[in-house]
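Engineer: First to last, the protein sequences are chains A and B. For what it's worth, the working numbering labels the leading residue of the first sequence as 52, then goes sequentially. For what it's worth, the working numbering labels the leading residue of the second sequence as 6, then goes sequentially.
For the record, the hints were derived by calculation from the structure and aren't laboratory data. Careful: at least some of the hints might be erroneous.
[Claimed, not checked] Mimicking DSS-like on lysine-lysine, the simulated pairs with C-alpha atoms at most 27 Å apart in a straight line are:
| no. | chain 1 | residue 1 | chain 2 | residue 2 |
| --- | --- | --- | --- | --- |
| 1 | A | Lys209 | B | Lys292 |
| 2 | B | Lys30 | A | Lys209 |
| 3 | B | Lys292 | A | Lys169 |
| 4 | A | Lys149 | A | Lys184 |
| 5 | A | Lys147 | B | Lys30 |
| 6 | B | Lys125 | A | Lys187 |
[To be verified] DEER-style ranges, computed between Cβ atoms:
| no. | chain 1 | residue 1 | chain 2 | residue 2 | range |
| --- | --- | --- | --- | --- | --- |
| 7 | B | Glu136 | A | Arg304 | 33 to 43 Å |
| 8 | A | Asn324 | B | Ile284 | 52 to 62 Å |
| 9 | A | Gly212 | B | Ser105 | 28 to 38 Å |
| 10 | B | Phe131 | A | Leu247 | 51 to 61 Å |
| 11 | A | Asp245 | B | Ala220 | 35 to 45 Å |
Glycine residues also receive a C-beta, built at the ideal position from the N, C-alpha and C atoms.
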Amino acid sequence: MNISTPVASEGAKPMAANEGRGALSIRNVTKIYDPEGVNVMAVDNCSMEIAAGEVCMIVGPSGCGKTTLLNAIAGFHSITEGEILLDNELLCGPSKPKADQGAERMVVFQHGALFPWKTLAENVAYGPIVQGKLRKRQALEKASDMLAEAGLGDVVTKYPGEVSSGMSRRAEIVRALINDPKVLLLDEPYRAMDALTKSIMHESLLETYDRTKVTIFFITHDLEEAIFLGDKVHVVTTRPCQLKKTVEVNIPRPRSYETQSSEQFRLLMDEVNEAVHEEAIKAFQAGERELA
Amino acid sequence: MTDIAQPSTHAAASATPRKRSRLQKLWQNQSLWRGITAIIVFLFFWEIGSRWDEWFGKEWMIPGVGLIPPPTDVAATWLEVLPKVGYWESWYSSFKRVLSGFLMAMLLGIPFGLLLAVNKYFRGIFFPPFEILRPIPPLAWVPASLIFWPTNEMSIAFITFLGAFFTIVINVLGGARNIDVRYLRAAQSMGASQWDLFSKIILPGTLPSIFTGAAVGMGITWEVVLAAEMISGGGTQGGGGLGFFIWNSYMGGSLEQIVVGMISVGIAGYLSSSAIRMIGDWYMPWKRLF
């Protein structure tokens, strides 16, 4: 990845670094959890096609199996049926239920997973060092450069406990990007943040995306977030997780915060909201049945 | 490290133009003064409590406190004892026992706890016997180890070791097992090998628990050493330690000297745990912020 190139790529023509990389195919994936014979179907015959360089937002009720899907792509869990391909290469399928973990699919976790015992720069440098790609000194230099680029130049030598949650989440995305991933897997990364911090996070992520054009698989509850960031919004059903509806977001990039007050944005909101609301009601009723 | 980091460090340096000296800092340390005041107030009430019967007659003696010698008498006795070689020999031999038992327990306990945590076969084999031996109080081992080990000193060392060992192992095991799976997954996704996972994630992730275990273990070690010294009677083999010092004072009927011995143990324990805290701070810079 050509980090040092200035960011003046005027939005329309992105850097070619990630072009044509990171197409995800999720085909008829089913996941049944079977702890002690209790069959829980988390994902049921779910299929999605995510094009290279697309920002794909997954929206659905809590506990519906979105994270299960992400875990299968990342290689944390196995799948029961179906297959997942990355750039036409099999990640997992009938012959190999669990994908290998790899640096081309980097996860940014819901509560953050920066190592508390490493400084931000050491955290970011970790990947290239353990992969043997860079010597420690070079890796730290590159990490500091990338952090500075993300507006974190002042805190490279701070520990995660010393910086705000917004800063640490941005640093975590930098830690993922230094590995030059094909896909960025984000599991509700901004969930616990206030609206103001969130809006800054969104702009920072969009800026990062415009620069790298990395494929993004983003799980969220927040519909505004989904439409503001995404190229496509996949609404999934309550458990077991199936694709219910795909909404194309045709708002041109680069997007700014004003986009959210446009008429087009409002119409898209309505469309997504309707689909999600139905599922939310179903999930709520299912929850009541379980309690009764 | 890089040219980006430099401006901020310069700014930080110029923000604090005059550095306070260590002594000034100590002088201005409020919690230090609060602590000193608290101790003085405590001694004051102790003095009054002990002297009550002298001033108002025996029938006004406060139960318990009235029998304890007042701090001024204790201090006087302490001044008598201080120049004596025997007193410092007691310090030396107790410290030696505590340190050797404690270091042995750390040396064996940390790797053992980590192995239990990372390898399920190892855990399957060694955890059950460990769990049966763990609840046995160290002092219950005294008779058996007196018979088993050839010298008194060796049995004391063994019992001391046991006291710290179980605590350290259980802390290390708990700490290593409780490392958040997200850290392991993140590291593995970034291509960490098994060794990287162990040395860069599990080990630093367990450090806080290791130091907790060490602090608790150190406390137990002092307890055990003192008790062992009282039981074994020291005598025959050189220094009997602070435990024997207290016991001996009891046999000699010197209440003041008993209290001197007790406070000495308190100071020794405080010094030991401060040392562990300092080492912990030094090893875990990221923990200093909390």
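Engineer: Hint by hint, note whether the structure agrees.
Structural biologist: Here is how each hint holds up against the structure:
Using a Cα cut-off of 27 Å, the hinted pair A/Lys209 and B/Lys292 holds, with the two alpha carbons roughly 12 Å apart. Restraint check: the Cα-Cα separation between B/Lys30 and A/Lys209 comes to about 25 Å, which is no more than 27 Å; the hinted pair holds. The straight-line distance between the Cα atoms of B/Lys292 and A/Lys169 is roughly 11 Å, inside the 27 Å bound, and the hint therefore holds. The suggested pairing of A/Lys149 with A/Lys184 holds, with an alpha-carbon distance near 26 Å, which does not exceed 27 Å.
Annotation: proposed proximity of A/Lys147 to B/Lys30 is violated, straight-line Cα distance about 63 Å (limit 27 Å). For the suggested pair B/Lys125 and A/Lys187, the alpha carbons sit about 33 Å apart, so the restraint of at most 27 Å is broken. Take B/Glu136 and A/Arg304: their Cβ atoms lie about 60 Å apart, and the range 33 to 43 Å is violated. The supplied range of 52 to 62 Å is met by A/Asn324 and B/Ile284, whose beta-carbon atoms lie about 57 Å from each other.
One distance hint, 28 to 38 Å for the beta-carbon pair A/Gly212 and B/Ser105, holds here, with the actual separation near 36 Å. In this structure the hint that B/Phe131 and A/Leu247 lie 51 to 61 Å apart at CB holds, the actual value being about 53 Å. The beta-carbon spacing between A/Asp245 and B/Ala220, approximately 38 Å, falls within the hinted interval of 35 to 45 Å.
The earlier numbered hints that this structure contradicts are 5, 6, 7.
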